[in-house]
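Colleague: Could you put together the complete structure from these sequences and hints?
Just so you know, the protein sequences line up as chains A and B, in that order.
Numbering follows my numbering, in which position 178 of the first sequence is assigned residue number 1231; successive positions increment by one, without gaps.
Numbering follows my numbering, in which position 42 of the second sequence is assigned residue number 1095; successive positions increment by one, without gaps.
Hints should not be assumed to be uniformly reliable.
[Said to hold, decoys possible] Per the computed footprint, the stretches of chain A lying under chain B, defined by three or more beta-carbons under 8 Å from a beta-carbon of chain B, are:
#: 1; region: 1236-1243
#: 2; region: 1263-1276
[To be verified] Here are some of the chain B residues that sit facing chain A, going by a computed Cβ distance under 10 Å:
#: 3; residue: Asp1231
#: 4; residue: Ser1237
#: 5; residue: Pro1264
#: 6; residue: Gly1302
#: 7; residue: Leu1303
Hint data in this document are derived by calculation from the structure and do not stem from the laboratory.
Backbone N, C-alpha and C fix where the C-beta goes; we use that ideal spot for every residue, glycine too.
For reference, the chains in residue letters:
There are 2 protein chains.
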Amino acid sequence: MTDMEWIGLDWGTTNLRAYAIGAGGQVAEEASSGNGMGTLAPADFEPALLDLIEPWIAARCRDGTDAVPVFACGMVGARQGWCEVPYREVPCPPVAANEITRVPTRDKRIEMHILPGLSQRAPADVMRGEETQAAGFLLENPRYTGAICLPGTHSKWIAIDNGHISGFTTYMTGELFDVLSSHSILRHTVTSDEWDEHAFRQAVEEASAQPQRAVETLFGLRAAALVDNASPETCRSRLSGLLIGQELGLASRYWSDKPVALIGSSATVPLYAQALASRVISVETVDTRAATLAGLAVAAAKSGAASHG
Amino acid sequence: MTDMEWIGLDWGTTNLRAYAIGAGGQVAEEASSGNGMGTLAPADFEPALLDLIEPWIAARCRDGTDAVPVFACGMVGARQGWCEVPYREVPCPPVAANEITRVPTRDKRIEMHILPGLSQRAPADVMRGEETQAAGFLLENPRYTGAICLPGTHSKWIAIDNGHISGFTTYMTGELFDVLSSHSILRHTVTSDEWDEHAFRQAVEEASAQPQRAVETLFGLRAAALVDNASPETCRSRLSGLLIGQELGLASRYWSDKPVALIGSSATVPLYAQALASRVISVETVDTRAATLAGLAVAAAKSGAASHG
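Modeller: Okay, here's the thing in structure tokens:
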């Protein structure tokens, strides 16, 4: 581990993922834990990190080299995180060298940096972590103009203008699916792990053409189960399709007549790609891990910690 | 209690409300319990009812009169209720004498009837109980053409054409507010029992003019709390206003250029009335209890159980 140049952290609400980056920019080691921001008090962050990376820095520091730089993105910089790092306001490039916050540590073998999230004033919106993934995508596409979409619990649609973020919108699509299917009357109607691809696609089509259809027909899922004996897998797939279609329809100003980059690793990413394929200039899909690592490398390079990038 | 002609029941998911109706149509006695449909197995319904009305029928039956007719509306007729009563399909009048289901009882002192709910085929929708309240309103307004709205957990908008129900839509407005404010990330943002009337009104106005604004700006409530220090009461009132405004905007085909009758007793009813006032031909508000009693009286009269009605 003596050739480790820096450590990258993707530190979200539920997980901490750490990557030891070697001199060639390659991932030398990686490790993860469930010590997400959501479970930690401020004093717990440094121990939680050391738990994970101790073997890497122990090996390196026996050689007497300098402290290892660590770059972290995500909710670690939130108000409830290790240290609140103020948002940078859009429009702006996704990562800026002079706005990466150095956080003091008790352990002098590490030099901790947290990347700021981004905020938008009107309409009010925020992100923490997605800006780093956007930076990772833009590393290979520095003059990109188009949309970046990160589907998920809180889907982000980001407008990119010549490599800069000009605006973004968060849709609570994944969380709406979760709360409706777990806590609303629809929970009785969507009790299935099976999938009805046809019902999903039809619902995406309906709701993306007419986004208001989703809210209008939510209760209709229950009614369809009662009156038409619609199956739980049909209702579940249709609920998912209505909510994703609603997001796509509402976000059309982001993707209409533009290229779209989807960053994500979940099973929904191909569904987004499929739904958009015929309606946008181009769709490409980038893996979350690759985008995050590339974005952290941008931060490390801008800070002079990486030997190249 | 010897002049009791019939008993009316409003038997929903969470409560059972019983009314002893005298010869003049007046409420002689009333009682209620938490024995809603949601907590009862099929065999529990009759005992739960007798628990509540035993004193009334005991007094009456000492005189050796016939069994007392009981008319019930609501979820008592659902698949998980006392006895599943098939939906009647719209278009139809809200209550029809020949479609009230007689349910056998072990106790021969009562003659149990359950009013059917209504279904709509396309788009699929259902109601149980609201049709009885609509019938109660129409008793005084037999030729009514316009909208009836019952705001609530599952708000109903009902189109009435010359006293008949021509169609309806259910909006999960109240339940969306509940699941979002209790189970989503917004729960951190809406922790207040206070009310910001200005924020509420502004949100109703925004979302009723552009219903898609609600879904677009949900996450923005969290962002406004983080970035603009929006207070919990402002965010809570705004969440409520966005969802009610969304419902009003989507339901505009029901109320636009028409009279509207609001049936309800919750604190949200005046808010609906206020939001609609300047945009519809007329708005009147009818109390839930009065509408339900009048609707049950329609059923009793059609079945020959009531001496007038």
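Colleague: Compare the structure with each hint and give your call.
Modeller: These are the hints, each one checked on the structure:
Restraint check on the region 1236-1243 of chain A versus chain B: 3 residues with Cβ-Cβ distances below 8 Å, three needed, restraint holds. With 11 residues carrying a beta carbon less than 8 Å from a beta carbon of chain B, the region 1263-1276 of chain A meets the three-residue requirement, and the given coverage holds. Against a cut-off of 10 Å between C-beta atoms, the interface hint on Asp1231 of chain B holds, since the closest Cβ of chain A lies about 8 Å away. Annotation: Ser1237 of chain B was flagged as interfacial toward chain A, and the flag holds, the nearest CB pair being 5 Å apart, inside 10 Å.
The interface hint given for Pro1264 of chain B is met, as the beta carbon of that residue sits about 5 Å from the closest beta carbon of chain A, less than 10 Å. For Gly1302 of chain B, the interface hint holds, the least distance from its beta-carbon to any beta-carbon of chain A being 8 Å, beneath 10 Å. Interface hint at Leu1303 of chain B: satisfied, since its Cβ lies 6 Å from the closest Cβ of chain A, which is below the 10 Å cut-off.
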